[in-house]
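Novice: Chains as they are written, first to last, in our numbering: chain A, 70 to 361; chain B, 70 to 361.
Keep in mind the hints are simulated off the structure, nothing from the lab. There could be a bad hint or two in this list.
One copy or two, either will do: identical chains are not told apart, so a pair holds if it fits within one copy or between any two.
[Unchecked claim] Below, computed lysine to any residue pairings styled on SDA-like, alpha-carbon distance capped at 25 Å:
#1 Lys-113 x Pro-299
#2 Lys-211 x Met-70
#3 Lys-211 x Gly-276
#4 Lys-174 x Ala-323
#5 Lys-356 x Pro-325
#6 Lys-174 x Gly-265
Each chain, written out:
2 protein chains.
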Amino acid sequence: MVKNVGWIGTGVMGLPMAHHIFPLATNLYLYNRSPEKTQSLVAKGATLLSSPAQVAQQANLIFTMVGFPSDVEEVYFGPEGIFTTLQEGTILVDMTTTKPSLAQKIATEAAKKGCFILDAPVSGGDVGAREARLSIMVGGEKEVFDQLLPYFQKMGRATLQGGAGKGQHTKMCNQIVIAGTMVGVCEALLYGERSGLDGKTLLATIGAGAAGCWTLDNLAPRVLQSDFGPGFMVDHFVKDMQIALEESERMGIALPGLALVEQLYTTLQALGGGKLGTQALILALRKLNSNE
Amino acid sequence: MVKNVGWIGTGVMGLPMAHHIFPLATNLYLYNRSPEKTQSLVAKGATLLSSPAQVAQQANLIFTMVGFPSDVEEVYFGPEGIFTTLQEGTILVDMTTTKPSLAQKIATEAAKKGCFILDAPVSGGDVGAREARLSIMVGGEKEVFDQLLPYFQKMGRATLQGGAGKGQHTKMCNQIVIAGTMVGVCEALLYGERSGLDGKTLLATIGAGAAGCWTLDNLAPRVLQSDFGPGFMVDHFVKDMQIALEESERMGIALPGLALVEQLYTTLQALGGGKLGTQALILALRKLNSNE
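Please build the complete structure, drawing on both the sequences and the hints.
Specialist: In structure tokens:
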């Protein structure tokens, strides 16, 4: 069976992911806003096209992995978007972290055209994408999910969380936990600095018990080395937290911890830290507590 | 050499800890506000006395494991406190989680009397105490720490963090991280409930990645089962967070995340949840987001 696969979005995450699924495609049709970033795939035989609409004319399985919810809107609903040319029976997979409500809107539109969509945001970052160790959180129909499993398995580990939008909701839960662990870890590091503790001894001691977390193991040591490179970029994390807060408000719930952390990261952006890694939160906390 | 050891405080934590060190003592002298709680130690041959002062008359190594900073004040500085009868050369070990500034105050007073003190708060809870798997965070002189190692090894794993008060500061860092992970995990669980996710699938999915933490592994499953028993009691956690906030203020730093979590737990106390486990934070968040 001929597999005409489309891939839209070949950034830091999308490019390695597209390489991983390439072997499953008879033909791979690409679109990216910066066409030069598709080069390594074109060199392998993929076809570069000049709009999402053109991709949707060729492919009956289309992955999208772009940046912000506004980019997803453009790629699906824009004047040269997927929905202008979408063929009946096509399967769409949006792997961008975006609004659960947008995922549902795309699902409704896709159903009208006799198509199927999964929302399938990931966690694991650029390293997870390169090493095919992403955690893929999927919302949509089980039959469609099962069909897509061979593709997901090329990129990491996928789990079906429920119907349309549930993949995005799961990703939001993931980010809400991380917001908490980040503020806890960075405030503890600041307290440790100011009270004269040795950072390495501190981390080794508290990391083994009830304070143990991925953030403490993986990001706190970078703070001790003043390494603030991403990892996961502040601007993207703020986007995710804003989506989670917007969805929470839509559901009528207040999440005061998340709201506070989002504001602290907004401070960090104001300080010019938007392109740093999330562990740079301590820079905002230090600034907040300095008299400079 | 005759080892006359004193133990003050035989509550949920102190009792199993005293049992663990018993074999190292030639004589064990006990004091507890509720004398009946020392029964199992007396049955083994320990001597129950009726004040900390009496203990300090008999013992030249004294452990204290009581409740609140005010209890520590009473046990050391009260009219029947340790300092009224303390013999020169005695080693004091306060294992209560208390104020770093109080630890320093005790150290200053002890030095005046030619005595030594370690502050050595623990983490690991009642289970860690029973199973001798406590993490013991120690502040004080290295020579004294080295002498006490055989005792600490009977209770868990000890690490020297620096001079007087540094054990308490380390414990504060531990609690600050936990405050963050608790609010992140409980807000994520609330978001998950309201957005219709399956709790078990959610935890299994996000626990494996960057959101992974002890709280998610150990306390979130209890929330799913509506098991709000302690574990670690809300009233004690609030005490710890208040100490951390007070010390932060003394050092001239604001920790907005910690302050918020402390306020949320105060809400939980107002709802009658003071004797529940820390995972009951979700009850305060649910209440905050209900129209009852």
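Novice: Would you mind marking each hint as holding or not holding in the structure?
Specialist: Hint by hint, here is what the structure shows:
Proximity of Lys-113 to Pro-299 under the C-alpha cut-off of 25 Å is found in neither arrangement, the shortest distances being 29 Å within a copy and 58 Å between copies. Taking the shortest alpha-carbon separations for Lys-211 and Met-70, only the intra-copy value of 22 Å comes in at or below 25 Å, while the best inter-copy value is 72 Å. Taking the closest pair of Cα atoms, Lys-211 and Gly-276 come within 25 Å of each other only across two copies (23 Å); inside a single copy the shortest separation is 39 Å, beyond that limit. With identical chains, the CA atoms of Lys-174 and Ala-323 are at most 25 Å apart within one copy only, with a shortest distance of 24 Å there and 42 Å across copies.
For the homomeric pair Lys-356 and Pro-325, the shortest alpha-carbon distances inside one copy (22 Å) and between copies (13 Å) are both at most 25 Å. Within a single copy, Lys-174 and Gly-265 get their C-alpha atoms only as close as 53 Å, which misses the 25 Å cut-off; across copies the closest is 17 Å, which meets it.
Of the numbered hints stated above, the single one contradicted by the structure is hint 1.
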